[in-house]
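Engineer: Chain by chain, the residues run as shown.
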Amino acid sequence: MNQQKGTPEKMNQTAERMSDIREIVAEVLELSPEEISESGDFIEEYGADSMSAIEILAGLDRHFDIEIPQEHLAQMRNLREVYAVVAREASWEV
Amino acid sequence: MHRVVVTGLGPVSSIGIGVAEFTTALRSGRSGISEVRSFDVSKFPRRMAGEVRGFRPEALLQVLEPERWGKASQYAAAAARLAAEDAGLDLTSIDVDRAGAVAGTTGGESQALDALAAQINSSGYAAQDPGLLDLLPSNRISHAISTELGLAGESMTIGTACSASNYAIGYAFDLLRDGEADVMFAAGADVVCRWTHAAFVRLGAMAPEACSPFDRDRPGMLTGEGGSALLLETLEHAQGRGARIYAEVLGYGVNCDAKHPVAPDAGSIAACMRAAHENADIKPSEVDYVCAHGTGTPANDAAEADALREVFGPAPPPISSIKSMLGHTMGAASGFGAIASVLAIHLGFLPPTINWSTPDPALHGIDPVPNRARAAKVRIAQNNGFAFAGNNAITMFGAPA
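Keeping their order, the protein sequence lines are chains A and B.
First residue of the first sequence: 1, per this note's numbering; consecutive thereafter.
First residue of the second sequence: 1, per this note's numbering; consecutive thereafter.
These aren't lab readings, by the way, just hints derived from the structure by calculation.
Be aware that a few hints might be false.
Incomplete in silico selection of chain B near chain A, CB under 8 Å [what the hints assert, rightly or not]: (1) Gly16; (2) Val19; (3) Thr24; (4) Ser31; (5) Tyr125; (6) Leu347; (7) Pro370; (8) Asn371; (9) Ala375; (10) Arg379.
Pairwise CB distance ranges (calculated) [what the hints assert, rightly or not]: (11) B:Pro298 - A:Asp49: 13 to 23 Å; (12) B:Arg53 - A:Glu44: 26 to 36 Å; (13) B:Ser357 - A:Ser91: 27 to 37 Å; (14) B:Phe388 - A:Ser39: 53 to 63 Å; (15) B:Asp178 - A:Glu45: 43 to 53 Å; (16) B:Arg379 - A:Ile66: 18 to 28 Å; (17) B:Phe388 - A:Arg80: 50 to 60 Å; (18) A:Met11 - B:Arg241: 39 to 49 Å; (19) B:Ala376 - A:Glu35: 23 to 33 Å.
It should be emphasised that the depicted structure is a prediction, and the values quoted were computed from it without experimental measurement.
All C-beta atoms, glycine included, are put in the ideal place defined by N, C-alpha and C.
With these hints in hand, go ahead and build the complete structure from the sequences.
Structural biologist: In structure tokens form, the structure reads like this:
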């Protein structure tokens with residue numbers, strides 16, 4: 001994870017955002033959130049396909065009110081990568 | 001009365017084959033328009049169309065032998081196969097006597113017809129290739145789906161032209177709702193061909209380069225092709241097999257003004273919208289998105305906007321035309337609109353009207369979702385389809401309850 005381990009507020013915020021992302025991904029992949037690890041590959045480990053990738057993208061767009069360009073899909077293969085892309089698109093301070 | 005749901009989507013289109021490619025293109029507003037290759041277009045004053053590239057029937061079809069079927073039938077069967085796969089439907093586990101296919105078309109196997117016309121023109125009637133004549137009957141389009149998927153229930157091709165795949169969805173909806181079937185494939189298919197191209201050029205309806213619906217300077221339509229299929233099931237059947245439910249089919253409306261061979265009539269389009277709302281048991285204020293017929297001709301878009309304001313008041317819901325990307329895919333068109341409407345509900349976005357630059361004062365109050373897809377919560381979507389001779393069909397979709 002590349003965000004600073006700063007204030008407790010910031011750590012809480014990071015954890016909350018990661019938890020939101022995890023829930024969005026879990027719902028699309030029809031898993032429970034705790035089944036998905038931060039580095040687990042969506043396709044290799046959780047059976048995602050190209051349509052679930054788009055569903056995840058659309059879910060993130062809606063939840064965080066952002067527009068992730070679809071060409072970023074290739075860099076969104078696990079939770080940690082998704083967090084990095086969302087953080088960039090949402091201009092979160094990291 | 002059964003509730004009817006959409007569980008599988010199968011687009012074979014100029015902007016993508018299969019739901020993932022199609023969705024990506026729809027969200028990014030990609031154009032599928034290119035110069036015609038399926039016939040010699042060099043002597044025509046209009047040369048662009050939405051042709052499907054990279055279609056490999058042998059890779060998609062498991063049962064049909066492509067050489068024994070026309071291109072429209074191949075598109076329909078491939079689209080239905082993709083919809084079944086998208087839905088994770090195990091065809092060996094369903095009651096095939098209660099599973100059927102309905103397909104809409106405008107021209108049927110038009111490329112075979114073009115080829116036969118060329119043979120007659122150059123060498124007389126006796127020169128017709130009997131193999132091509134075999135391909136010709138339009139009822140083969142729904143039969144292609146039934147044969148490919150082994151469906152033994154009703155198999156029907158509907159020839160109501162540019163609204164035909166909405167008619168197909170309505171027909172399938174009735175069978176499912178009334179308990180006559182468990183599973184129905186509602187499809188549409190047409191091919192780019194010389195005679196359709198020539199006819200629309202002669203009508204003066206064709207755009208030179210790009211189709212820009214709802215723009216003040218819209219020059220007209222472009223022809224397109226492809227196959228669109230939706231897998232519809234009763235809610236019980238879908239739940240029984242644990243299927244993902246994209247959306248619910250809420251209802252539909254059809255009418256025909258029977259006034260003019262080509263001019264659209266805003267009054268009868270408005271009446272069709274009201275019939276669809278009544279059938280779906282919803283109020284206009286509940287509609288979040290309208291997938292337009294939106295051909296991009298001056299006459300269609302003006303009549304569609306007038307009808308919309310008549311039904312919805314001065315500020316109708318956003319209305320976008322995917323024909324800006326696909327061209328007018330004729331019998332497949334309202335099926336593609338239905339797929340787009342279902343994706344709008346499922347993913348929460350409005351497909352854009354691309355090539356749009358200038359507001360048309362005559363279309364006041366119309367929000368065409370210009371050029372870029374927009375995130376939006378869509379609970380109810382309305383999918384417009386209008387055909388020549390004023391033959392209108394509108395389908396309504398809702399978020400799964």
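Engineer: All hints, please: hold or fail.
Structural biologist: Checked hints:
Hint on B:Gly16 is violated. Least Cβ distance to chain A is approximately 10 Å, over the 8 Å limit. A distance limit of 8 Å between C-beta atoms decides the matter here; for B:Val19 the minimum to chain A is near 6 Å, and the interface restraint holds. With a least beta-carbon distance of about 5 Å to chain A, the hint placing B:Thr24 at the interface is held under the 8 Å criterion. The restraint placing B:Ser31 at the interface with chain A is violated, with a minimum CB-CB distance near 15 Å, outside the 8 Å limit.
Hint on B:Tyr125 is violated. Least Cβ distance to chain A is approximately 49 Å, over the 8 Å limit. Interface hint at B:Leu347: satisfied, since its Cβ lies 4 Å from the closest Cβ of chain A, which is below the 8 Å cut-off. Because the beta carbon of B:Pro370 sits about 15 Å from the nearest beta carbon in chain A, more than 8 Å, this interface hint is broken. The interface hint given for B:Asn371 is broken, as the beta carbon of that residue sits about 13 Å from the closest beta carbon of chain A, more than 8 Å.
Using the Cβ-Cβ criterion of 8 Å, the hint placing B:Ala375 at the interface with chain A is satisfied: the shortest such distance is roughly 5 Å. Taking 8 Å as the C-beta cut-off, the interface hint given for B:Arg379 is violated, the closest approach to chain A being about 13 Å. About 42 Å separates the C-beta atoms of B:Pro298 and A:Asp49, a value inconsistent with the hinted range of 13 to 23 Å. The beta-carbon spacing between B:Arg53 and A:Glu44, approximately 30 Å, falls within the hinted interval of 26 to 36 Å.
For B:Ser357 paired with A:Ser91, a C-beta distance near 30 Å keeps the hint of 27 to 37 Å intact. The beta-carbon spacing between B:Phe388 and A:Ser39, approximately 57 Å, falls within the hinted interval of 53 to 63 Å. For the pair B:Asp178 and A:Glu45, the supplied restraint of 43 to 53 Å holds, since their beta-carbon distance comes to about 44 Å. Against the hinted window of 18 to 28 Å, the Cβ-Cβ separation of B:Arg379 and A:Ile66 comes to about 22 Å, which satisfies the hint.
A hinted range of 50 to 60 Å holds for the C-beta pair B:Phe388 and A:Arg80, which are about 55 Å apart. Distance hint for A:Met11 and B:Arg241: a CB-CB separation of about 44 Å, consistent with the stated range 39 to 49 Å. In this structure, B:Ala376 and A:Glu35 meet the distance hint of 23 to 33 Å, their C-beta atoms being roughly 31 Å apart.
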